[in-house]
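Spelled out from the first residue to the last, the chains are:
Number of protein chains: 2
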Amino acid sequence: MKYGIVAFPSKTLQDLANSYRKRYDPHYSRITPHMTLKGVFEANDKEIETVAKEVAEIARKSRPFHLNLTKVSSFAPITNTIYFKVESNDELLSLHEALNNESFFGEQPEYSFVPHITIAQKLSSGEHDDILGQIKMGNTSHEETIDRIHLLYQLEDGSWTVYETFRLAGEA
Amino acid sequence: MKYGIVAFPSKTLQDLANSYRKRYDPHYSRITPHMTLKGVFEANDKEIETVAKEVAEIARKSRPFHLNLTKVSSFAPITNTIYFKVESNDELLSLHEALNNESFFGEQPEYSFVPHITIAQKLSSGEHDDILGQIKMGNTSHEETIDRIHLLYQLEDGSWTVYETFRLAGEA
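Protein sequence lines, in the order shown, are assigned to chains A and B. Sequential numbering from 1 applies to the first sequence in my numbering. Sequential numbering from 1 applies to the second sequence in my numbering.
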């Protein structure tokens, strides 16, 4: 089964992201707006129990982190994906590192970590340039604190269900 | 903000439910297949923290329950909603009771509790009769154990995000 780990932001920020995703993101209906902390990995029913225990342990030791949106950006020309850029900080980086280092389950990430919330993807180059220009004119400044992360699994139709949430308890 | 409490069944059962929901349930993209344990209620940011604490306490005391699907049924003529009927049992009933009794947050339920997983809704009467007949010919027998429940909130576009999961720890 396919799993992933994300943080869901507040309703305010999810509503803002969805106002774009509704039109520009074909994955809009598969999952609500999120920041990926550990990309898709495969695990069987036994393995996921161990993974869940390890994530619980990581969450217990991790502090809540500040989520600060500063601007809209794009992964073009690698992919025509537009996103809210999330400013990096120590808490977020160390959480990401704990969930992705070699001693943890799953493959090492292929790219370096760019914290973000996707708002548009699978665009043609023309669409990408148009939409990026439009979205940049909107308001994208937002701050909040994230105090929990979610372990998800994927259904056959591509949609994601939450397996478990973990509070960032900050006992490190 | 609107909240609700549900149990998400296993991937196997969700995939089965989605094979029908994809075609027959306009709420298909808002939430993955689920059994509602406490219907929609309103709470503000302060209240929901209290609610979450109470749900945690209820979950700690509640035992995991057996989810046994026996047949396909319908709420017609009240509404043209078709569902997998979930057999009731003591664990499930006492969990539902704890989440809906008067000392807990939110309105009392309007109807008596019929444990179910919706697979089709908002149908015309003609569609309803056709589809119910078709679905009844499929395989709907399934058993599993549910060991966690989920507190959700609703976004402006109608979709649901998980606020927190709670393990049924069975310490009662």
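Keep in mind that a hint or two might mislead.
Put simply, identical chains are the same to the list, so a pair is met inside one copy or across any two.
Once the Cα atoms are required to be at most 25 Å apart in a straight line, the calculated PhoX-like pairs of lysine-lysine come out as [as the list claims (entries may be wrong)]:
#1 K136 - K2
#2 K53 - K11
#3 K136 - K53
#4 K46 - K71
#5 K22 - K53
#6 K61 - K122
#7 K2 - K46
#8 K46 - K136
#9 K71 - K2
#10 K53 - K71
#11 K71 - K22
#12 K85 - K53
#13 K85 - K11
#14 K85 - K136
#15 K46 - K122
#16 K22 - K122
#17 K11 - K136
#18 K46 - K11
#19 K71 - K61
#20 K53 - K122
#21 K46 - K22
#22 K71 - K11
#23 K22 - K61
Derived by calculation from the structure, the hints in this document are not laboratory data.
Tested hints:
1. In the homo-oligomer, the alpha carbons of K136 and K2 never lie at most 25 Å apart, since the shortest distance is 34 Å inside one protomer and 30 Å across protomers.
2. Within a single copy, K53 and K11 get their C-alpha atoms only as close as 28 Å, which misses the 25 Å cut-off; across copies the closest is 20 Å, which meets it.
3. Taking identical chains as interchangeable, the C-alpha atoms of K136 and K53 are never at most 25 Å apart, the minima being 41 Å within one chain and 40 Å between chains.
4. Neither within a single protomer nor between protomers do K46 and K71 lie at most 25 Å apart by alpha-carbon distance, with minima of 41 Å and 30 Å respectively.
5. Neither within a single protomer nor between protomers do K22 and K53 lie at most 25 Å apart by alpha-carbon distance, with minima of 35 Å and 33 Å respectively.
6. For a Cα distance limit of 25 Å, the shortest separation of K61 from K122 qualifies neither inside one copy, at 37 Å, nor across copies, at 46 Å.
7. For a Cα distance limit of 25 Å, the shortest separation of K2 from K46 inside one copy, 13 Å, qualifies, whereas the shortest one across copies, 35 Å, does not.
8. Taking CA atoms no more than 25 Å apart as the test, K46 paired with K136 passes in neither setting, with 45 Å inside one copy and 34 Å between copies.
9. For the homomeric pair K71 and K2, neither the shortest alpha-carbon distance inside one copy (31 Å) nor that between copies (29 Å) is at most 25 Å.
10. Proximity of K53 to K71 under the C-alpha cut-off of 25 Å is found in neither arrangement, the shortest distances being 35 Å within a copy and 35 Å between copies.
11. When the C-alpha separation of K71 and K22 is checked against a cutoff of 25 Å, the pair qualifies only within one copy, where the shortest distance is 19 Å, while the shortest distance between copies is 36 Å.
12. Taking the shortest alpha-carbon separations for K85 and K53, neither the intra-copy value of 30 Å nor the inter-copy value of 33 Å comes in at or below 25 Å.
13. For the homomeric pair K85 and K11, the shortest alpha-carbon distance inside one copy (18 Å) is at most 25 Å, but the shortest distance between copies (32 Å) is not.
14. In this homomeric assembly, K85 and K136 come within 25 Å of each other (Cα to Cα) only inside a single copy, at 12 Å, whereas the closest approach across copies is 49 Å.
15. Taking the closest pair of Cα atoms, K46 and K122 never come within 25 Å of each other, the shortest separation being 34 Å inside a single copy and 39 Å across copies.
16. With identical chains, the CA atoms of K22 and K122 are at most 25 Å apart both within one copy (13 Å) and between copies (22 Å).
17. Taking identical chains as interchangeable, the C-alpha atoms of K11 and K136 lie at most 25 Å apart only when both belong to the same chain, with a minimum of 21 Å there against 39 Å between chains.
18. Taking the closest pair of Cα atoms, K46 and K11 come within 25 Å of each other only across two copies (15 Å); inside a single copy the shortest separation is 33 Å, beyond that limit.
19. Taking the shortest Cα distances, K71 and K61 never come within 25 Å of each other, neither inside one copy (30 Å) nor across copies (45 Å).
20. Taking CA atoms no more than 25 Å apart as the test, K53 paired with K122 passes in neither setting, with 35 Å inside one copy and 41 Å between copies.
21. In this assembly of identical chains, the alpha carbons of K46 and K22 never lie at most 25 Å apart, being 36 Å within a copy and 30 Å across copies at closest.
22. In the homo-oligomer, the alpha carbons of K71 and K11 lie at most 25 Å apart inside one protomer (19 Å), although the nearest pairing across protomers, at 37 Å, exceeds that limit.
23. Within a single copy, K22 and K61 get their C-alpha atoms no closer than 36 Å, and across copies no closer than 40 Å, so neither meets the 25 Å cut-off.
In terms of the numbered hints stated before, the structure departs from hints 1, 3, 4, 5, 6, 8, 9, 10, 12, 15, 19, 20, 21, 23, listed from lowest to highest.
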